[in-house]
Each structure stands twice: as structure tokens, then as C-alpha cells.
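Protein chains in written order, with the working numbering: chain A, 13 to 126; chain B, 1061 to 1172.
It should be emphasised that the hints constitute simulated quantities derived from the structure, not laboratory data.
There's no promise every hint is true.
[Stated by the list, open to error] Calculated lysine-lysine pairs in the DSS-like style (CA-CA distance at most 30 Å, straight line):
#1 A:K26 - B:K1118
#2 A:K26 - B:K1121
#3 A:K21 - B:K1164
#4 A:K69 - B:K1121
#5 A:K21 - B:K1131
[What the hints assert, rightly or not] Some chain B residues near chain A, calculated using beta-carbon distances under 10 Å:
#6 Q1098
#7 Q1102
#8 Q1105
#9 A1152
#10 T1161
#11 H1167
#12 I1170
Just so you know, these numbers come straight off a predicted model, no measurement behind them.
Even glycine gets a Cβ: it sits at the ideal position worked out from N, Cα and C.
So the chains spell out like this:
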Amino acid sequence: NAGVTQTPKFRILKIGQSMTLQCTQDMNHNYMYWYRQDPGMGLKLIYYSVGAGITDKGEVPNGYNVSRSTTEDFPLRLELAAPSQTSVYFCASFTPGGNTGELFFGEGSRLTVL
Amino acid sequence: AQSVSQHNHHVILSEAASLELGCNYSYGGTVNLFWYVQYPGQHLQLLLKYFSGDPLVKGIKGFEAEFIKSKFSFNLRKPSVQWSDTAEYFCAGGGGADGLTFGKGTHLIIQP
Chain A
13 NAGVTQTPKF RILKIGQSMT LQCTQDMNHN YMYWYRQDPG MGLKLIYYSV
63 GAGITDKGEV PNGYNVSRST TEDFPLRLEL AAPSQTSVYF CASFTPGGNT
113 GELFFGEGSR LTVL
Chain B
1061 AQSVSQHNHH VILSEAASLE LGCNYSYGGT VNLFWYVQYP GQHLQLLLKY
1111 FSGDPLVKGI KGFEAEFIKS KFSFNLRKPS VQWSDTAEYF CAGGGGADGL
1161 TFGKGTHLII QP
């Protein structure tokens, strides 16, 4: 089972460049999330989506955009990369109901902005 | 607003020592609590979770956690750690539409 797949795994950007981090899941989960992980800071929620066509801001949305045109895909876009966006980005998904609530994570995308 | 705090940011133990990592939560409503582990260079994996019922929850790899409502705590324990337990451990709460709120993590190093 593929689960949650993120690409690319590593990327170096120059200040002001733009890029899209791809995320796709094959578990038919409605809810999808983008987190960033910085040393000593844990994970911070950037954006989330509860279904196709619906997105909402998380705790740290500035400088990012998302879209959710299908259930499977939830890309994260950086329009004007800044050094403060150097981080490891994790995509996650889950489906509510029952007593699960467990997030399934992708393997992460390490982004460096120079 | 919900919050999750972890007491120790760095813990160093010798193999076979007992482990307890602290986690406190602060939010109302339904309490869903999780512990995730992140091995070096890998993504987060679920260790265990608590939703309701028995406050002592057993997870994978010999880990367990106890939900103590009166103390707003959900501490992670393991009676005897191994070198392979070296990792970062995250406590998290929530599980609704807006996902989980994570603590800042505890970096655990097990010395052989």
C-alpha cells in the first residue's frame, strides 16, 4: 500500500522562487493536512482540507497556498520562497468516524531556501 | 484553544533503563491523545492513542501511556529501553477536522 506519497523529498530554492510540493493519498481519506516541522518546535499546521474543493488555514498559513481538486491530491504551493520557509514539510491524511483519528503521514519533503 | 506541552526536550538514557516522557494537554471537549515516534530520517508513526475507556493504553514496541484526567497528563512509558528506541517522540491531541496539535517533541538518545 502506498499510503501518503510526497514529492520531491529534497529541494533547494533561491529566494523569490516558487514551487509546489505534491501530496497524494490512495486511502480515500477525506481529510488532508500540511504541516511544517522545525527543530525544537514540533509540527505546525499550515493548511488543511476536509474534502475536495474545501480548504482552510491552519496555524501558519502565510506564504503558502493549497488547492484540493480531487480527494487524492493536496498540493502545497510556495509563491515567493523565503529563508523562513526552510523546513521539513509533512503531508498527512485521515478519515473521521469510529475511534480512529489517526493521521497517516508522508515521508516528508526537506526544503532549503537560500 | 487546545495545547499540548512536553516536559523534556532532550533525554539521554542507557540501555535497559526505564523511560517516562511527560505530556500535558489543555483543552475542553472530547479528549483524544496520541503519541507518535519519528526515527531518524523517517516520517511520524503512531505509537499509541487514547480515545476513551481504559486509561492505560498499550502501543507498539512495548510502549504504554496512562491518561490521568485529574492531572491533564498522558505520559509515555517503557520499562526497559533499547538502543533502537533512539528517536523523537511527539505527544499530540485533537483528531477533529483541523487535525492534531503537537507538542514540541522530545529527542530521546539511548546510549549502548
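Taking the hints in turn, this is what the structure says about them:
no., hint, verdict
1, A:K26 - B:K1118, "violated (46 Å)"
2, A:K26 - B:K1121, "violated (42 Å)"
3, A:K21 - B:K1164, "holds (23 Å)"
4, A:K69 - B:K1121, "violated (35 Å)"
5, A:K21 - B:K1131, "violated (40 Å)"
6, Q1098, "holds (9 Å)"
7, Q1102, "holds (7 Å)"
8, Q1105, "holds (8 Å)"
9, A1152, "holds (8 Å)"
10, T1161, "holds (8 Å)"
11, H1167, "holds (9 Å)"
12, I1170, "violated (20 Å)"
Violated hints, in rising order: 1, 2, 4, 5, 12; the structure is consistent with all others.
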